[in-house]
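**Q** Using the sequences and the hints given, assemble the complete structure.
Order-wise, the sequence lines are chains R and C.
Throughout the first sequence, residue numbering follows our numbering, covering 112 to 404 in sequence.
Throughout the second sequence, residue numbering follows our numbering, covering 2 to 92 in sequence.
Mixed in with the good hints there might be a few duds.
Unchecked claim - Below, simulated DMTMM-like cross-link-like pairs (lysine to aspartate or glutamate); rule was C-alpha separation at most 20 Å, straight line:
#1 R:K195 with R:D166
#2 C:K4 with R:D152
#3 R:K151 with C:E15
#4 R:K151 with C:E22
#5 R:K195 with R:D180
Unchecked claim - Negatives, chain C to chain R, calculated, CB over 12 Å:
#6 M2
#7 R7
#8 L37
#9 K39
None of these hints come from the bench; they were simulated from the model.
For glycine and all other residues, C-beta sits at the position ideal for the given N, C-alpha and C.
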Amino acid sequence: MRRSMLFLPGNTPRMLINGAFLGADAIIFDLEDAVAPAEKDAARILVRNTMRYMDLGGCEVIVRINSIDTGFWKADLDQILPEKPGLILLPKTGSAADVLEAGAYITELEDKLGFDRNTVGLMPLIETALGVENAYAIASASDRVAALFLGAEDLTADLRCQRTKAGREIEYARTRLVTAARAAGVDVYDTPFTDVNDDEGIEVDAALAKALGFTGKASISPRHVEAINRVFSPTQKEIDYAYEVMEAIRVAKEQGKGAIALYGKMIDAPIVARAEQTIAAAKEMGLGREEQV
Amino acid sequence: MTKIIRSASAGTLESNDVFVEIEPWDQGLQLTLESLVKQQFGDAIERSVRETLAQCGVEQAKLSVVDQGALDCVLRARVETAVARGREGQA
Chain R
112 MRRSMLFLPG
122 NTPRMLINGA
132 FLGADAIIFD
142 LEDAVAPAEK
152 DAARILVRNT
162 MRYMDLGGCE
172 VIVRINSIDT
182 GFWKADLDQI
192 LPEKPGLILL
202 PKTGSAADVL
212 EAGAYITELE
222 DKLGFDRNTV
232 GLMPLIETAL
242 GVENAYAIAS
252 ASDRVAALFL
262 GAEDLTADLR
272 CQRTKAGREI
282 EYARTRLVTA
292 ARAAGVDVYD
302 TPFTDVNDDE
312 GIEVDAALAK
322 ALGFTGKASI
332 SPRHVEAINR
342 VFSPTQKEID
352 YAYEVMEAIR
362 VAKEQGKGAI
372 ALYGKMIDAP
382 IVARAEQTIA
392 AAKEMGLGRE
402 EQV
Chain C
2 MTKIIRSASA
12 GTLESNDVFV
22 EIEPWDQGLQ
32 LTLESLVKQQ
42 FGDAIERSVR
52 ETLAQCGVEQ
62 AKLSVVDQGA
72 LDCVLRARVE
82 TAVARGREGQ
92 A
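**A** Spelled out as structure tokens, the structure:
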């Protein structure tokens, strides 16, 4: 379950060692933008050691490596891959070819390390106009792709527009990414909300992302994690309704009924699918019910 | 054996970090340590530094370690980085 993902600068020990305990479902150790070029070597060793020796309390670890148009990304993977990160976040992914190039090197390392292939998933970071336009090709380029991730700051620079709180300028990218990811059968994560002091703004922005179909949302501040988790968690009312839907389906099947209604509303396949998703999420959060035999 | 051929440093003086400086030296290992917790953890810190140097193949170097409350994994990372930056063949 990844409702929230918290970015942590890869060369700042104070953040790295505490990051797993700030409530996020996943943490992203950042070797890219948060690390100056002269400190890339130090950051990748520090992140590797943090992964190797720290008890991160079961928090999933994702590592943002440097993009494949830099001289850093292979050295990043050399250090990080042996520690089996949950995902590699691949910045500035613009095409399926980028995914395949990174994937080929990860496969080479997996073979060398004796890991099963596709042990380490890829999450392309879509933050260019080209990446948005190629979103489906990127999402479906390889079985290694586990999710798409929208990066709005670089994207709006590429689009030559201002990044705003309302986010009108990224509406197309958001809906395009959700559609592309769902069509390819992978998850999709929304860009961070960058005003760390705006507690209302993060609620609104996260709610919009959820309404559009995103799986979860990234954050650059621990302050935003709780709001993101809350927004992306099913409410008790939604969980109760989901169980009622599944019970109604069970009873209808027993009675040989084809069509059924609950509270005057027809229960069709999409409603059942949504109920199943809600129950799955509730179970991951420990809010599910005992299975009835 | 890894030879230290130039002065190099790694880490910072921020909290939970450690600043490590390494220099060429031809008389074994010389280590100086500053730490607020030297009295309680000085021996453990020195042991970690020496272990990391041994893992990196460094037998001769002068090392200065200024600890700001770094965890062991951070200390080892900074020592390894300083060695990589100061060793032979390192750009």
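**Q** Run through the hints listed earlier and report the numbers of any the structure violates, in increasing order.
**A** 5
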